[in-house]
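Trainee: Protein chains in written order, with this note's numbering: chain A, 24 to 375; chain B, 13 to 287; chain C, 546 to 835.
No lab work stands behind these hints, which were simulated from the structure alone. Ideal placement from N, C-alpha and C gives every residue a C-beta, glycine not left out. Fair warning: there could be bad hints in the mix.
Chain B residues, not near chain C, derived (Cβ > 10 Å throughout) [said to hold, decoys possible]:
#  : residue
1  : 26
2  : 43
3  : 62
4  : 63
5  : 84
6  : 101
7  : 117
8  : 119
9  : 127
10 : 138
11 : 176
12 : 179
13 : 180
14 : 242
15 : 250
Pairwise CB distance ranges, derived in the manner of DEER restraints [claimed, not checked]:
#  : chain 1 : residue 1 : chain 2 : residue 2 : range
16 : B       : 111       : C       : 802       : 44 to 50 Å
17 : C       : 642       : A       : 156       : 39 to 45 Å
18 : C       : 600       : B       : 271       : 47 to 53 Å
19 : C       : 646       : A       : 132       : 35 to 41 Å
20 : A       : 97        : C       : 829       : 42 to 48 Å
21 : A       : 126       : B       : 34        : 35 to 41 Å
22 : A       : 156       : B       : 206       : 25 to 31 Å
23 : C       : 738       : A       : 343       : 30 to 36 Å
24 : A       : 111       : B       : 39        : 53 to 59 Å
25 : C       : 640       : A       : 156       : 29 to 35 Å
26 : A       : 60        : B       : 271       : 45 to 51 Å
27 : A       : 277       : C       : 738       : 19 to 25 Å
The calculated BS3-like cross-link candidates involving lysine-lysine, where the alpha carbons are at most 30 Å apart (straight line), are [stated by the list, open to error]:
#  : chain 1 : residue 1 : chain 2 : residue 2
28 : C       : 643       : B       : 116
29 : C       : 552       : B       : 19
30 : C       : 829       : A       : 155
31 : C       : 802       : B       : 275
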Amino acid sequence: MASVILKNLTKCWGDFIGVDNQSLDIQDHEFLVLLGPSGCGKTTTMRMIAGLEDPTDGEIWIGDRMVNDDLPKDRHVAMVFQNYGLYPHMTVFDNIAYPLRVRGTPKGEIEPRVKKAAGQVELIELLHRKPKALSGGQRQRVALARAIVRTPRVFLMDEPLSNLDAKLRVTMRAELKHLSRELKITTIYVTHDQIEAMTLADRIAVMKDGIIQQVGTPDEIYNDPASLFVAGFIGSPAMNLINGSVQDGYFVTTGGTKLVAVSVPDKPDVVLGVRADDMRISEEGEGDIDARIYAFEHTGEATLLTVQWGTQRVIVRGARHLRKEQGEIVSISLGSDHLYLFNPDTGKRIRG
Amino acid sequence: MTGKQKKQISQAIQIVLILITIFVMLVPILWIFMAAFKNHIDVFQLKLFFTPTLENFGTVFEAPYHLGMKLWNSTIVAFVTVALAIPIATMAAYSFSRFRLRGKTAMLVVILATQFMPAVVIILPFFVMFRDVGLLDTRIGLVLVNLAIVMPFAIWMIKGFIDGIPIDTEEAAMVDGSSRIMVIRNIVLPMAAPGLLTAGIFCFIIAWNEFLFALILTNKDAVTLPIGLALFKAEEGDLWNLLSAAGIIIMLPMFILALIIRKYFVQGMTMGAVR
Amino acid sequence: MRDNTLKYLLVLPAILVVFATAIWPLIESLRLSFTVGRFSVPGSLEQYLGWENFAWAFTQEPAFWNAVRVTAIYTVLTVGLTTTMALGLALLLAPGGKFRAGVQTILILPFAMSPALIGVSFRFMFNPEFGLFDAFFGVLIPPLADVSWLADPILAFAVCVMADVWGWIPFLTLVLIGGLASIPQDTIEAAQVDGASNWRVFKDITIPQLAPVLAVVIILKSIFSLKTFDQIFMLTNGGPGTATQTLSHYIYFNGMKYGQIGYAASVAWLMVIPMIVLAYAYTKFVFRKD
């Protein structure tokens, strides 16, 4: 078990910059999620930690050792791959035993440890099967068991749930969380799924274009986004972004409607971010702004209203029993608590 | 006519055309098979029914034909060619498949292009050199030149198979604690085994059927089966019953091998160009 | 060992083999083509002659031009016939099902046959006294009943083409079936729903999408047609006269039978040039995806 420290890490392929001079401290026992859209450099960062990719520049420390020049096998990390990377010609037992065997673990020790790991992921009955005869979820468990069978210093997980169907993903997510709390091993987890990140992480590092945009607890990332990108990336439905300006202590939409009071100095160009949950729906004329319903959706546990004024569309979450028709006019109110202002040019948050 | 009737008629025409094709494709082969079991006299009549005899298969192994020696030469040459080509090609194919190499594309293109050079061009210098160093009419000499036609096929085919092995699996093994050599031995070779077998069989067939090199380089001791076909000429003309028996000995093993790898046969010949 | 060293060590033996067995002989052939190069004259393999071998082929050798003509006609005919017939057969067999899959398996057999043996069997089939095809054509086309196929220049050439087409149709068919299978079925279904006739579907949807595979097939077949030697050697041995003498056969005869290695090498190199063009076109297609 160990901390992982990245110092000014850079990876380039020719002119293309995959990871751009990034530093990050991951504490011992911490569950850190690297979150971002595809091509943001999160997987590259993880692969450099595993030793599968050589950094162009910068240092990687695991515990108190700089591992830049160590081969993957000498870094004492365990990795779960997106496509699992199971050995198709070996049984489940041999798959799980492989890391022990190549490290020269005494024969007598292998079987009990494989059985223990298999037990932790509920695979005991399948040990004699080959990967081909397993379902996606079972393969996922074999990959997990292979990672936990030895005690690595760091777990690396590269989109481990992305090949599972939606239902199984939720189950496996809970199992992963349970397992990680139980094992208390430093874990770095790569995903593009913000729900996975929110539910699993102690801290999330949001990446874009090879740059870490923000590092923080799920709570901080969700409630205190540092940039337009983070604000738009986290949350479902995505945060509404409304263009406008700040005049006399009020946010005014591009169309000229005075929307809500904000506590920042006047500024011509700003973007107001507000989540679907942080707005209220009322009858026409009762709220801050009237808008026409563009689409009304019913999700079961709530309703989603897409409303439009001018060219601006905004999604608002409504009560479960609310019933409206497309084309009706409703009024929207914004609470003053959860409003976020951003500079549209730099993408940075404007704080009051 | 209804749509259904039209469909049925078109189906029937298709079946007839396919049957004609099979007939044309198989008749020469069947004709040889029949001739091989005919006696000298039956061959000269277009007989469909005759009393089969195994006599021809005995005769071809006797003097003056000694087909046994040619069979032995063909077997040895094809085996040794494959035994040399496959390991060397596998090493290269793995490297080409997995690593960025300086000049990789150029190397692969050149390897592919050598495949297409006319065999007569390649054989002239070899003939001159072999004459000087005494490798004419030897099996070793034949193996060496056979490598020229077999290696490009083997490299490209095996590279195709290794490309198909998910890289995840290898990386998992490396993180699990294997060195690169161990990865190749424990993971890549077992997973590529069917592909290596296929490539091996494919190269065996090529080496076995090879004609021009053997025609030019051998005359007595190292003569292979295809060249042996030229033996069955007598003053009164070709000895078709013996030729056919020899033909069966040449083609039957190849038919069996080709059927074993039939799934990959086409892929092998076009070397990944058509997928 | 670090991968950076290992990766070059792994390719080294293969590169050495390819160099020694293919590159070196090509270069050495080129050198020989500029020498006197006669087996009967000691030291002549090192005796520089300049361009005279090439000049000789172009100006003094009707037989060379004959071989060029034979090879060219042979290539055009075999490529054209094999490709169209294989395309037709591929379309017949592509729908799949047990029967058609079985036929596909049978098609592998002729391709596993050595070209030399194909040559032998066609000589057998066209034997004037007891050849099966000879008899068959005799019944079908009465004027051909009494001809001796391999003794007539044009008919012997026709037999060579037939043998070639027979030997290559199976392989090209299988390649084209693979190509047809890789065409997304929904594009064809979309066209059918849009109201296109079978012929329109074939012309507008299938052929354009099959074009790259067809191109590969044509290039590949051209290469092998240009090189043809084995079956000609066994079937007609270039005869009657030089009616079926291809370039490969011409080179073989000059080099091996007459001992004119230098001259043979220069003609061989004249043949290498179109090969390089075709091989280049072929590799373009192979690397198209990268």
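Trainee: Run through the hints listed earlier and report the numbers of any the structure violates, in increasing order.
Mentor: Violated hints (numbers, rising): 1, 2, 6, 7, 8, 9, 10, 14, 15, 17, 19, 21, 22, 23, 24, 27, 28, 29, 30, 31; every other hint is consistent with the structure.
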